[in-house]
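Chains as they are written, first to last, in UniProt numbering: chain V, 1 to 417; chain G, 1 to 417.
Keep in mind that the hints are not guaranteed to be accurate.
Claimed, not checked - Heads up, incomplete: computed chain V residues facing chain G, CB under 10 Å, no partners named:
no. : residue
1   : A18
2   : T37
3   : S74
4   : I84
5   : N254
6   : Y260
7   : V287
8   : G288
9   : D309
10  : K311
11  : I361
What the hints assert, rightly or not - Once the Cα atoms are required to be at most 27 Å apart in a straight line, the calculated BS3-like pairs of lysine-lysine come out as:
no. : chain 1 : residue 1 : chain 2 : residue 2
12  : G       : K233      : V       : K396
13  : V       : K131      : V       : K311
14  : G       : K396      : G       : K100
15  : G       : K163      : G       : K396
16  : G       : K396      : G       : K104
17  : V       : K100      : V       : K311
18  : V       : K401      : V       : K104
19  : V       : K45       : G       : K233
20  : V       : K233      : G       : K45
21  : V       : K101      : V       : K163
22  : V       : K163      : V       : K104
23  : G       : K396      : V       : K233
By construction, these hints were calculated from the structure, which means they are not laboratory data. All C-beta atoms, glycine included, are put in the ideal place defined by N, C-alpha and C.
Here are the chains, one letter per residue:
There are 2 protein chains.
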Amino acid sequence: MYTERAVRRTYDARNERAARTMATFIISLCAILMLTTVSGLICRKAQLPEVIGQILVGILVGPSLLNVMHMSDSLSLFSDLGIIILMFLGGVGCDLQLLKKYSKAAVIIACMGVVFPVAVMGGVSLLFGFKPIPAAFIGVVFSATSVSISVAVLREAGLLDSKEGVSILGAAVADDVIGVILLSVMCTLVNTGSVDVAGLGLILLKQVLFFVAAAVVVVWVAPALMTLAGVLKAPSGIAVMAVIICLAMAWASNLAGLSYAVGAFFAGIAVSNSDYAEDADRYIEPVGDTLFVPVFFVGIGLQTTGVDDTKMIVFIAIMTVLGVITKVVGCGLGGRMAGFGGASALMIGAGMVPRGEMALITAQIGFNEHVLGSEYYSTIIFIISLVTLVAPLLLKLTIRKVPGVGAAAAGTAGAEQ
Amino acid sequence: MYTERAVRRTYDARNERAARTMATFIISLCAILMLTTVSGLICRKAQLPEVIGQILVGILVGPSLLNVMHMSDSLSLFSDLGIIILMFLGGVGCDLQLLKKYSKAAVIIACMGVVFPVAVMGGVSLLFGFKPIPAAFIGVVFSATSVSISVAVLREAGLLDSKEGVSILGAAVADDVIGVILLSVMCTLVNTGSVDVAGLGLILLKQVLFFVAAAVVVVWVAPALMTLAGVLKAPSGIAVMAVIICLAMAWASNLAGLSYAVGAFFAGIAVSNSDYAEDADRYIEPVGDTLFVPVFFVGIGLQTTGVDDTKMIVFIAIMTVLGVITKVVGCGLGGRMAGFGGASALMIGAGMVPRGEMALITAQIGFNEHVLGSEYYSTIIFIISLVTLVAPLLLKLTIRKVPGVGAAAAGTAGAEQ
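Take the sequences, apply the hints, and build the full model.
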């Protein structure tokens with residue numbers, strides 16, 4: 001009798017909580033869509049990238065200012081799916097031949113974009129009194145690009161299939177690969193004081209296996225599946241098959257230790273390599289725009305917490321500026337080395353500035369592993385948000401300077417109005 | 001120091017759990033879409049309603065058989081959103097003028113469809129040895145129709161805007177209103193032994209307020225908002241505005257004590273009353289089909305648990321048959337009383353058979369309030385699943401018998417191939 005009563009009480013509490021959670025989620029989602037509709041209007045009038053408005057909406061309603069909305073489990077799920085859909089659409093819009101052509105350039109850009117933040121921001125952290133390992137960790141945190149924000153800006157400007165666009169996307173994939181390796185090196189270094197070569201070998205093996213599998217999917221599996229979906233003529237069959245491929249590859253890339261975004265990006269490329277690229281884009285875009293993508297960008301703002309400690313202001317200011325400059329200079333130099341002109345290299349550098357989930361996860365691990373104290377942990381999260389807020393603005397500005405591309409982007413925007 | 005370490009450990013555990021949850025969710029969603037694509041093919045070949053295949057997929061992979069998938073919080077969220085989107089699309093496809101014309105018929109059908117299950121299934125429960133209040137509670141559980149399943153079948157057959165279709169949808173709304181009142185009467189009866197008239201008055205007042213607000217939204221607010229969205233020409237603006245209206249009304253109906261489905265249905269009607277009904281349908285349908293609706297139907301199967309107790313078999317068999325018959329006869333008689341012909345009345349009765357969330361919630365409350373023992377609670381959930389599995393089959397069969405409508409449905413299906 002006692003047990004049954006206890007079970008009842010647990011059931012009761014869980015259901016009440018679930019019901020309240022659902023109501024809160026629905027009204028939060030509704031509010032996010034309303035506010036981002038308004039912010040989108042303002043940004044288009046002011047010729048700002050829309051993502052900036054969405055992040056600011058998150059900061060406004062989040063714990064830093066009004067404190068009326070918080071990042072719940074459900075919003076967090078939608079935000080993660082927003083990244084996946086955004087990267088999938090990035091892949092669909094990406095030109096596979098162009099990506100292949102600029103893959104070497106992408107690797108150079110990514111490497112330079114890792115070396116600069118690790119060296120400069122790690123070095124400056126030493127000057128701020130951090131010990132070598134925590135300083136290196138801070139460098140690694142700021143080496144991880146989250147390109148999804150640039151994807152949104154590039155889509156807005158219609159530049160996903162420009163040579164600068166594919167270089168940014170390719171470099172972001174390479175950046176993720178390097179980031180995972182660096183992070184695992186740092187983790188074993190922190191825990192054991194030495195580098196675990198066997199463990200690293202396993203990580204590399206898993207990554208290689210993923211890329212081989214991804215190539216097979218892009219070239220053979222996905223086009224066959226999409227053709228099958230077209231033949232079967234099920235209602236929404238094309239859209240469902242595209243989502244199946246997207247989720248399967250996102251899951252596989254996560255299994256290989258990479259981020260979901262990488263798998264989703266290759267899924268997008270795979271679908272764009274079939275006869276149904278346009279259909280997939282037309283069906284999946286509203287799925288992202290109506291539900292998931294706004295939650296992702298507002299979520300960045302929601303996760304930003306204010307910093308009370310005025311002593312930190314110098315640290316924050318310097319690290320934010322360096323966070324932007326190290327990527328612009330590093331990746332820009334990489335772009336020049338790969339043969340891009342000055343304006344294009346600058347645009348590529350700006351496109352690699354955003355930091356997001358990957359940097360947050362790395363900082364989180366540093367916090368869990370006792371490498372970062374809690375005061376520096378929240379400060380670093382604040383810096384990541386600031387850098388990410390500057391990034392789309394910078395990308396939009398640099399796009400205008402690129403001969404041909406800037407005019408094309410302006411032309412596209414003009415044609416839409 | 002101790003506190004910080006404790007905080008770290010909590011963070012760590014929560015993040016690890018969140019990461020694992022996300023991976024499980026992604027592969028579950030992917031598996032659901034793959035399996036329902038296959039089940040959809042089989043059902044179309046066998047001329048069965050696709051929802052039956054989807055529910056069977058859930059039973060197959062769920063705890064009753066293979067036990068490889070479970071209803072997680074995330075899947076449950078997607079399932080709830082699936083109901084909302086399905087009912088929204090039901091509203092978009094519904095003909096407002098026709099619905100108005102048949103609103104009196106709908107109320108008669110709903111009332112008859114409540115009286116029969118409460119009287120017959122409550123009475124039979126008395127024969128099975130239940131005391132009066134638990135017996136009445138079982139009757140109330142089986143009086144609540146969940147029409148979303150019929151909406152899927154009616155959409156498949158292109159019959160949402162037939163006079164039988166709007167009568168089913170209207171009756172389902174009236175059924176929800178009656179259900180909420182009955183449930184609160186039962187709850188106060190169980191807790192205090194008498195009926196709380198003031199509380200009932202408040203519930204009625206909230207419902208009236210909701211319907212007044214819904215009418216204002218349908219006639220003025222929604223068409224104005226949709227026109228505004230059309231003028232603003234934001235990317236995906238029409239789809240986003242439709243989702244905003246849908247979520248806001250679902251939230252409001254929940255606030256008024258009604259189910260989310262009722263609000264979503266009126267939101268659909270509101271959008272269909274604007275100039276952008278077709279756009280909304282075209283954008284929102286893939287959102288539902290690719291992600292949420294399959295999760296809802298598979299989720300019904302996932303929540304079905306087998307019953308070990310062989311003594312229960314007679315109870316299950318009788319109650320399942322009665323669960324189907326009481327609605328078919330009750331609502332069918334209601335249809336006849338409202339002037340429908342025999343075949344149409346039978347189709348309306350079949351359309352009102354499905355039980356879902358509302359019945360599950362009522363059973364849950366009965367369990368929490370100690371009215372139902374745990375052995376009867378899980379048995380009743382099993383019966384609800386069986387009834388719901390029979391319902392779409394029955395509806396599809398009865399549709400064929402309706403003169404004109406059946407031929408039209410066959411014609412639509414033929415034209416699609």
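Item to complete: Could you grab the alpha-carbon distance between K396 (chain G) and K100 (chain G) and see if it respects the 27 Å cut-off?
Response: holds (25 Å)
Worksheet item: Are K311 (chain V) and chain G close enough, Cβ to Cβ, to be under 10 Å, as the hint says?
Response: K311 (chain V) check fails; min Cβ-Cβ to chain G is 19 Å, beyond 10 Å.
Item to complete: With a cut-off of 27 Å on the C-alpha distance, tell me whether K163 (chain V) and K104 (chain V) pass.
Response: holds (12 Å)
Worksheet item: Under the criterion of a CB-CB separation shorter than 10 Å, is G288 (chain V) in contact with chain G as hinted?
Response: holds (8 Å)
Fill in: Pair hint outcome, K100 (chain V) versus K311 (chain V) [Cα-Cα no greater than 27 Å]
violated (48 Å)
Discussion item. Can you verify the interface hint for S74 (chain V): is its Cβ closer than 10 Å to any Cβ in chain G?
Written reply: holds (5 Å)
Discussion item. Can you confirm whether the C-alpha distance between K396 (chain G) and K104 (chain G) stays at or below 27 Å?
Written reply: holds (25 Å)
Practice prompt. Could you grab the alpha-carbon distance between K401 (chain V) and K104 (chain V) and see if it respects the 27 Å cut-off?
Written response: holds (24 Å)
Fill in: Proposed interface contact between T37 (chain V) and chain G, which counts if any beta carbon pair is under 10 Å
holds (6 Å)
Worksheet item: Within 27 Å, alpha carbon to alpha carbon, are K163 (chain G) and K396 (chain G)?
Response: Within the cut-off at roughly 16 Å; holds.
Worksheet item: Does I84 (chain V) pass the interface hint, meaning its C-beta sits closer than 10 Å to a C-beta of chain G?
Response: holds (8 Å)
Item to complete: Have a go at the N254 (chain V) hint: is there a Cβ in chain G nearer than 10 Å to its own Cβ?
Response: holds (6 Å)
Violated hints for the displayed structure, listed by number in ascending order: 9, 10, 17.
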